[in-house]
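S.K.: Chain A is fixed; fit chain B onto it per the hints.
Protein chains: 2
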Amino acid sequence: MNQSIVGKYVPRVDALDKVLGRAKYADDIWFEGMLYAKVLRSKHPHARILKVDTSKAVQLEGVVAILTARDVPVNTFGIQTKDQVVLAEDRVRYMGDPVAVVAAETEEIADEATELIDVQYEILPSVFDQREALKQDAPKVHARGNLAAHRKIRKGNVEDGFAESDEIVEDTFSTQKSEHCHIEPHAGVAVVDSLGKVTVWAGSSLPNVAQAELARVLGLPMSKVRIVQPEIGGNFGGRNEISIEPYICLIAMKTKRPVKLVRTREEEFIASTIRHSYFLRYKTGVKKDGTLIAREIEIISDAGAYSSYGESSLTKSCILAAGPYRIPNVKVDGYLVFTNNPVGGAMRGFGAPQVHVAEETHMDNIASRLSIDPLELRVKNALKNGDTTVTGQVLHSVGLTETIERASEAFGWHKHLGEKAVRESKVRGKGVSCAIYPIGLTEKPNPSGAFVKCNMDGTINVIVGAVEVGQGSKTALSQIAAEEFGVELDKVNLTTGDTDVSPYDFGCVASRTTYTTGKAIQIAANSARSILFNTVAQELAVSPDALEMKNGKICVKGSPSKGVSIAEAVQLCYRRGMLVLGSGYFNPPNNLLDPETGRGSPYPSYVYATQMAEVEVDVECGLVKVLRIVAAHDTGRAINPVLVKGQIFGGAALGVGEALTESLVIEEGRTCNPNFFDYLITSIEDMPDVEAIIVEELEPTGPLGAKGFAEATNVPTAAAIINAICDATGAKIRTLPANPARVLQALKERKALHENWHSLDRV
Amino acid sequence: MNQSIVGKYVPRVDALDKVLGRAKYADDIWFEGMLYAKVLRSKHPHARILKVDTSKAVQLEGVVAILTARDVPVNTFGIQTKDQVVLAEDRVRYMGDPVAVVAAETEEIADEATELIDVQYEILPSVFDQREALKQDAPKVHARGNLAAHRKIRKGNVEDGFAESDEIVEDTFSTQKSEHCHIEPHAGVAVVDSLGKVTVWAGSSLPNVAQAELARVLGLPMSKVRIVQPEIGGNFGGRNEISIEPYICLIAMKTKRPVKLVRTREEEFIASTIRHSYFLRYKTGVKKDGTLIAREIEIISDAGAYSSYGESSLTKSCILAAGPYRIPNVKVDGYLVFTNNPVGGAMRGFGAPQVHVAEETHMDNIASRLSIDPLELRVKNALKNGDTTVTGQVLHSVGLTETIERASEAFGWHKHLGEKAVRESKVRGKGVSCAIYPIGLTEKPNPSGAFVKCNMDGTINVIVGAVEVGQGSKTALSQIAAEEFGVELDKVNLTTGDTDVSPYDFGCVASRTTYTTGKAIQIAANSARSILFNTVAQELAVSPDALEMKNGKICVKGSPSKGVSIAEAVQLCYRRGMLVLGSGYFNPPNNLLDPETGRGSPYPSYVYATQMAEVEVDVECGLVKVLRIVAAHDTGRAINPVLVKGQIFGGAALGVGEALTESLVIEEGRTCNPNFFDYLITSIEDMPDVEAIIVEELEPTGPLGAKGFAEATNVPTAAAIINAICDATGAKIRTLPANPARVLQALKERKALHENWHSLDRV
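First to last, the protein sequences are chains A and B.
For the first sequence, the working numbering gives the first residue as 1, with consecutive numbering after it.
For the second sequence, the working numbering gives the first residue as 1001, with consecutive numbering after it.
Extracted from the complex, chain A is given alone in its bound form (with noise of 0.2 Å):
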């Protein structure tokens, strides 16, 4: 293969429109007549609904129409488990749950009739905590009971484990619930035509997912849905549930009106899912020499009121649970349970971030107790070519210890750290954190298709279903076609997420666009390809295997002055009355586990990651900051190194705030903090300097070698973090997020124990 385009740098294709403020968004989009939609939510995280009385609110003028429960054709969703209302009818299960969906000529009319529709609840018991929740006489915030999930993984027997080991080492640990905060909010409009087809425009990570999980919710034949992708700002998993689409299709539906919905900040960060928060219980024996022997953990993850993506999140997290680790032995226990606060959904990481700080932290304390350095009990464990995961599944294209030895060097972990704080109450230290995570859908087929047509002069179109969510598909997907047809970037045009005319493809989410859409061009590509070779073959008196395309050229193998452009093939086709049209698709291999012991080779490949980061903690005040992060990723042939890096820059800066700030405050149901002031992400203040290492494992079955692995790069960030406060002033932060005063209180703790702050001893 002659790569010319794959692995440089060539800049987004959109880039220039999203700069210049010319990219049109869900809220740019205007139709004369346009209704504007507001949904009235739950006041309550618990309560039965009594009455719903909407005569004060349609009688204020503009108001056009309401709908309430009844409204809905099909009143539950969610694209795994079906178990959200549109509208709540009977009950509302958190501070969020929607009641009814107002329409009217303005926003503001909207929002007026909102507050004059009048909901008579009776308020039930609640249960916040998912501990508290699996206790037999919690409330139950579904009939079925509150443990809506329990997964288990086997292997070996982490008793004898535990019993051939030199050290046991304990800890548990509880992290944060988070929003995704992608900057542009839910929003869309919809329209119907003469004959009941709805069109939406509504930023979807799986547009093609939701089309079909929509036309269900509003009792439509697919044929009749149509989403199609404004520009996107932002996803992180924010997109993978239909959210605003049912309401302003079933209002247009209803008005015959174009309707929009956008939502409002606040309303976001209450009613949108969330990472769901997880508590976590790790043991490990250990050998003196550092060899991990067995690992128990128990996950115990709070679904909130409804389950979205708990399951598969839950089910990711046991997988990963154990770290990306040699350990023989080993037993997980995973519970998703329901409780009635916000609803947890998927968001970047999947399930991986909370069960690498517990375990990555987990590591340091086995290193400390060991007296080996963090960094060796990694090494001397970390997974190989061949090993076997904890699900039996042996790897291959493992590039953990590159990953490990080139953030090490670059890091210079083995040096001592650089100038010393200039204020005495300040502090300096290093810490590391490894990661494995896999590519795709757990346990679920999750095929990618395209389609290829190349012009008459030679340039290609190409249509998937997979979108722009802000992270750079569209432009490596273009790389990837133009390698395969050996064209210039602006030769192909890409057209993407429009459910009209895009094939399937289970969209932009489990890091699996490049991998499984790439793969899928290629496919398609390579049986358009087919019909030009056979074609100049022809024409060429040789045999199509004698073939190959170079530099924009099907030529002779070896003879590339005896051969054609593609251009000048797609014409020779066509003279001889044939079009270069092609189709194709393809689905990760992968597996079910067994529900018992959770066996089974559940993704087709994984990334690896090393991080490392220096940070100084003021502990006077228990402020943190990070100095500087090194990020070595194997991620795979790099499609488009640069926007590789832009994917661990903002990795790494969620990972800060995951660290360090963010965190949902909800007290007894209630989001106390739903805006930028009092939820703090990341800024640009924030941010350390940030090393991006790209680590090339490789994979065969990815197109030209790649693998996926955006939703790697926050994953191992809060446990480097975490571990350098530790290695700085030796205390053990068990709860995300370390803000000043979780560092405080754990600094108070460390002294009461008595032990050694040694890193103090540096200032």
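Hints are computed from structural coordinates only; laboratory data are not their basis.
Fair warning: this is a prediction, and the values are worked out from it, not measured in the lab.
One should not assume that every hint holds.
[Stated by the list, open to error] Straight-line distance between alpha carbons at most 16 Å, and here's what the computed EDC-like set of lysine to aspartate or glutamate pairs gives:
#, chain 1, residue 1, chain 2, residue 2
1, B, K1287, B, E1488
2, B, K1024, A, D193
3, B, K1256, A, E107
4, A, K24, B, D1193
5, B, K1197, A, E488
6, B, K1426, B, D1111
7, A, K197, B, E1159
8, A, K256, B, D1017
M.R.: Chain B alone, transformed into the frame defined by chain A:
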């Protein structure tokens, strides 16, 4: 095949939106900051351009850009022959040649600015008659001379044939120039994005082809040019060239602003392509019993100033000129001649109406000479299965005789005409005309492609390049797709005419859409269906050949209960990681004619028609009223019989206009009647009752037996009317249209010849 939807009437899928005024045409599209463009055209039929001074015009407030020839990257265009200019540089060749284009903030300012552009011309001698233009000393319209093309058909030996004949009959005929008069004028909007990709919304009958041509003119790769079809307000061949597209694109590229151009009706008459006017000579040798022995034909076509589709429509004329009859000796010479008249191009029938009106009135003259009933003469010589055309093609699926029989029976040809006219000056007569018309492009490959995808709920998406120009193709093609999958029509979603996603399609020209695109849909559907069949066969443990698709189910042949729905089959595939996608194309089998003899098989198949007309002629004022038409058309399988009848009604309306009223009056190159007051199209008041009869002589190569027939519908109409006028009055009209002046003139000539005014005796 279990035909549940094909062959039945279903309402047009685009009907409601059009009837309710919701359909969006190009002029309904609006963008913020949009500019309006106007074209300045030549004031002379032939002149050298000495200078184009835009200095005054650019100073007008609100003028944003003015383009002249030097701003056009590639200043020649034409889908078939590339001799037209986007903007004339050194010479104008007709009163309509574009010289400059202005873009301004409003349409009014743009209009005013065109008047401020000072063009200095040196007037050149002109020529306006195609026979004059062939003379040695005629002014040369193009450097290569005025003879643009000479086409020949040679079959047998006409001299020997004439020698064998009992009678020799000769006639000449002249046809007029006419305009398509689609109600929506040429109009479009262009937008350019930050990476220089141009998107154009403008009605085209062949968007894929137009995309290639527009990209060439703009100097862009096709990947940077997207043509999207809004609703289209009629075509009739008028949208077979690019027209306003280059102007709006070039201005958008220059100004980075959206640009709209909507032609006025006057511009439509002056500057769009028109139907070529023909001068024709017919000479036929015939036996006393009516057996046709030899026919010699000369056709001189007025190309106007540029070639456009002149050559290929002349070729089609030559192939069809001898009519739908078995004649052993035929010689046809066709000449395409440049003049300084408006440009002849593609128009419904594409060279067939002109030769048929000449040939079919000539047939009546032969019948009259032999004192044979005109119908008998046609029956005797009608082409039948296995007969050989003038090009040597052996025919199959010939439904001509059945159209004659069915029309004759419905019309009551052999009965006396109905009630007599009430006023003495009015006389009645009847006329018959037959026709042959081919499907698909003449001598050129013209494939259509299709993409198909099957959704999880068993609904189907189809993507094609063929567009809905008002003819009903969207409905008919949807029916074919629904039939292929055995699903209801509303389970099919058809996307048409967006060059980013539509596979190549030569377009809705040459009556090819149902046949070619319909067949491509079948082939693509078949490739998708084979995925379904293979999977279901595995599941049911039978061979795929043992399965059939029936009533929306895939089941074992003969065991309708043993099977699954399409939705289940798609889901079954999905669970196995497979997507049900298909792509396919079809190219009508045809080949090139020998240039010296015209031998070959230029088309895959032909359709046949017989129309009969009853007219009432007011011999005092010359006014002709068509009282009724019976139109029997062999269409192959009628996919949607009501749409087929609609085409027949529309064709008859055009035929009535061409027979009696429609004519561009062009004096010294100036179009004198560029408006609907002076150019008379058939109104509802002029429309006779039309009885449409469908003859389904199935075409084995067509989808479900369909042929294509749309253009055939107006081909025989004019001759039936002209023959009826002669039957009523004895007046032989030999120049179209038969307006009152020409009818009175013909009546005078008839009297002067002292012929037996038999028809008047009937009054």
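S.K.: Is K1197 of chain B close enough to E488 of chain A, meaning Cα to Cα at most 16 Å?
M.R.: holds (15 Å)
S.K.: Hinted pair, alpha-carbon criterion (16 Å max): K1426 of chain B, D1111 of chain B. Please report holds or violated.
M.R.: Not satisfied, since the Cα-Cα distance of roughly 49 Å exceeds 16 Å.
S.K.: Has the given pair, K197 of chain A with E1159 of chain B, been kept, meaning a C-alpha gap of at most 16 Å?
M.R.: violated (65 Å)
S.K.: Given the proposed pairing of K256 of chain A with D1017 of chain B, does the C-alpha separation stay at or below 16 Å?
M.R.: Distance ~12 Å between K256 of chain A and D1017 of chain B Cα, so the pair holds.
S.K.: Taking only the CA atoms, is the gap from K1024 of chain B to D193 of chain A under or equal to 16 Å?
M.R.: holds (11 Å)
S.K.: For the pair supplied as a hint, K1287 of chain B and E1488 of chain B, confirm whether the alpha-carbon distance does not exceed 16 Å.
M.R.: violated (56 Å)
S.K.: Holds or violated: K1256 of chain B and E107 of chain A, Cα atoms, limit 16 Å.
M.R.: violated (33 Å)
S.K.: Check whether the Cα positions of K24 of chain A and D1193 of chain B lie no farther apart than 16 Å.
M.R.: Within the cut-off at roughly 11 Å; holds.
Of the numbered hints stated above, those contradicted by the structure are hints 1, 3, 6 and 7, listed in ascending order.
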